[in-house]
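Once you've looked at the hints, dock chain G against the given chain Y.
Chains as they are written, first to last, in the numbering used here: chain Y, 1 to 210; chain G, 1 to 461.
Bear in mind the hints are in silico, worked out from the structure with no lab data behind them. Hints may be right or wrong, so weigh each one.
[Stated by the list, open to error] Facing chain G, a subset of chain Y residues (Cβ under 10 Å, in silico):
| hint | residue |
| --- | --- |
| 1 | Leu-63 |
| 2 | Val-64 |
| 3 | Asp-99 |
| 4 | Met-100 |
| 5 | Leu-148 |
| 6 | Asp-154 |
| 7 | Val-168 |
[Stated by the list, open to error] Simulated pairs of lysine-lysine, DSSO-like, Cα-Cα distance not exceeding 30 Å:
| hint | chain 1 | residue 1 | chain 2 | residue 2 |
| --- | --- | --- | --- | --- |
| 8 | G | Lys-84 | G | Lys-50 |
| 9 | G | Lys-308 | G | Lys-392 |
| 10 | G | Lys-116 | Y | Lys-53 |
| 11 | Y | Lys-20 | G | Lys-449 |
Bear in mind the structure is a predicted one, so any value in this text is a computation, not a measurement. Every residue, glycine too, gets a C-beta built ideally from N, C-alpha and C.
Residue strings, one per chain:
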Amino acid sequence: MSIFLEIAENVRMGKMKAVKELVQSAVDSGLPAKDILNLGLLVGMNEIGERFKNNEVYVPEVLVAARAMNAGVTILKPLLVEGNVQAVGKVCIGTVRGDMHDIGKNLVKMMMEGKGLEVVDLGTDVAPDTFVNTAIEQDCKVICCSALLTTTMDEMAEVVKRAEKAGVRDRIKIMIGGAPITEEFCKKIGADVYSADAASAADAAVELCK
Amino acid sequence: MHKVIFNGETLFAEPGCLLSDVLIDAGKSVEHPCGGMGLCRKCRVIVDGKEALSCRYHVNSDIVVTVGERADIVSETGADETGKLSENNCFVLDIGTTMLALALVSLDTKSVVSVKTAVNPQRVFGADVISRIDYCRRNGVKPLQTPLVAEINKLISEFCIGKNIPLFVAGNTTMLHLLFGVDCSSIGVSPYTPVFIDTKTASADELGLIGVTEAASLPGISSFVGADIVAGINYVEMPKNGKYSFLIDLGTNAEIALISDGQVICTSAAAGPCFEGAGIECGMSASDGAVYSFSDGKAKTINDAPAKGLCGTGLVDAVAYLLEKELVDDSGYMESERYFITDSVFISQSDIRQYQLAKSAVYSAVMTLMQVADISFDDIDKVFISGGFSAKINVSSAVKTGLLPCAFADNCVPVNNSSLLGAIKFVTQGNDLSGIINNSEYVDLSLNKAFSDLFIENMMF
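If we strip away everything but chain Y, and leave its shape as in the complex, we get (with noise of 0.2 Å):
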């Protein structure tokens, strides 16, 4: 099996410990820290990512891989900057004002990195016009916005206008997702992108990258 195989494959089972010593030794071999990134780390996040979307795993499955994945990035991280590899493309996230879930937030962050996307995490209670700031300051293309209760999900509403009151919706997409959000509401709102998985809405966030 190649060392790349071997990492997905490990990522995959959540073996942290393994994944760390097989990146390591990937790297000491001297293999370029951006293959060992795409073609095994990432590999096996997105495997899981798959079986997420089909209901094969659940949330502790992608959370030990997501961890196991990380030890990894973080071996690469100090190569890949000086390898000047370019991240596919940057978001942030938050939960929205009011709501202080964040499972559901912290699934759609690891996946999104498992895309290879860097993500700013806002973390919960989120006010629209922090959103907008960071993505105008940090130079986001995209801005998710989640939320658990029918209560807090007009936040949503509010961070399209927000983002339309400081004339950036022509370049800084909007993103939505939760258990009560629909494809529906998302129109009603004029959000860009509802998705009912994490792992769709990763795709659709390098989608809106590129």
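Chain G alone, transformed into the frame defined by chain Y:
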């Protein structure tokens, strides 16, 4: 105006308006558990011979709508009824998100004369408190208060007392806001602040109640641990033997209190609607034809009616069965997409996922409270399970599926409607509730790091 012929009755609808709005305005009991989001598919009706969701259907012509008969939800309160009225009486009411229970209580004999129950008419706006809060935020408190008061008046009139007597009310914080006509919007967004939490009284006239002199609510602890839990704690009592008891109310919000002599640590965990049968493909409330028990491959239904769906306790049993037969593995993966437990009732992979979220929320909340109190399972005396769900729950299935810790297998006690029973006890024995209120601590799980780690960990079986 378009004509909507609903089960033979003619209603009128503005062109383009939602069928659900027409039905709700006309007081029809088509339920919308997900709050009209088009997600749960429980508001299915037949429009001109075709199936449609009432919350998604826009009326653009004259239509004929039919819907099957809704059976009553079976609800056991657990009160001993004497049937004997005396000179001095009062009413005690529990307003649950799902059910109302009204007891006529004799203050002379300190006993319950009789109890009547009804479905909370607000269910047409959604199954859980969040959907009610959301409706209140969008439409004001009146549309929620009016049908509630009307239903309470109907229950009161069934007792034929002939004179006005006092009414004492327990219920969760949101329900009490809605009874008193107080806007509950602030409960729905962080930091979840209620407008009132202490005892509140109002005259019958103010609220539109008929047959009572005034209404007085019991006090609560927080937005999500209300007077219903305070009453429940009053019912099960603080243990005097140096040990701890749990009071667990299993609903859409699982309210959990860890009680010792002189201290209450409580929380509320978002378990989701699966214990009420919502969010589950074949889910239904506990009414005729609901599978409430499933063991050795045999399904028992409520009133032995033909199986129509699964209620909460049936779901717990069915998941336990699938795990035992290894048709679902530890991670929650199911070999086939669906597993039929009767000819027509099945469990799907996504149902299992819903259950994993719910059971982990409850289990992890229990563990978090024990961590906060710094105690072990040896310190636990009794575990009281309350709620409409409690009487028929199979504790071994609950333990097998990881809804409750194994250590609770032998000390679970079902207490039915502990809110109603505790409020009755308060009225008849004149207990002081301040010992509960003043010594209670609320743990906010959404800010608790230990909880979120446990929540992920315990999702596996």
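Those earlier numbered hints the structure runs against, lowest number first | Result: hints 7, 8 and 10 break, sorted rising.
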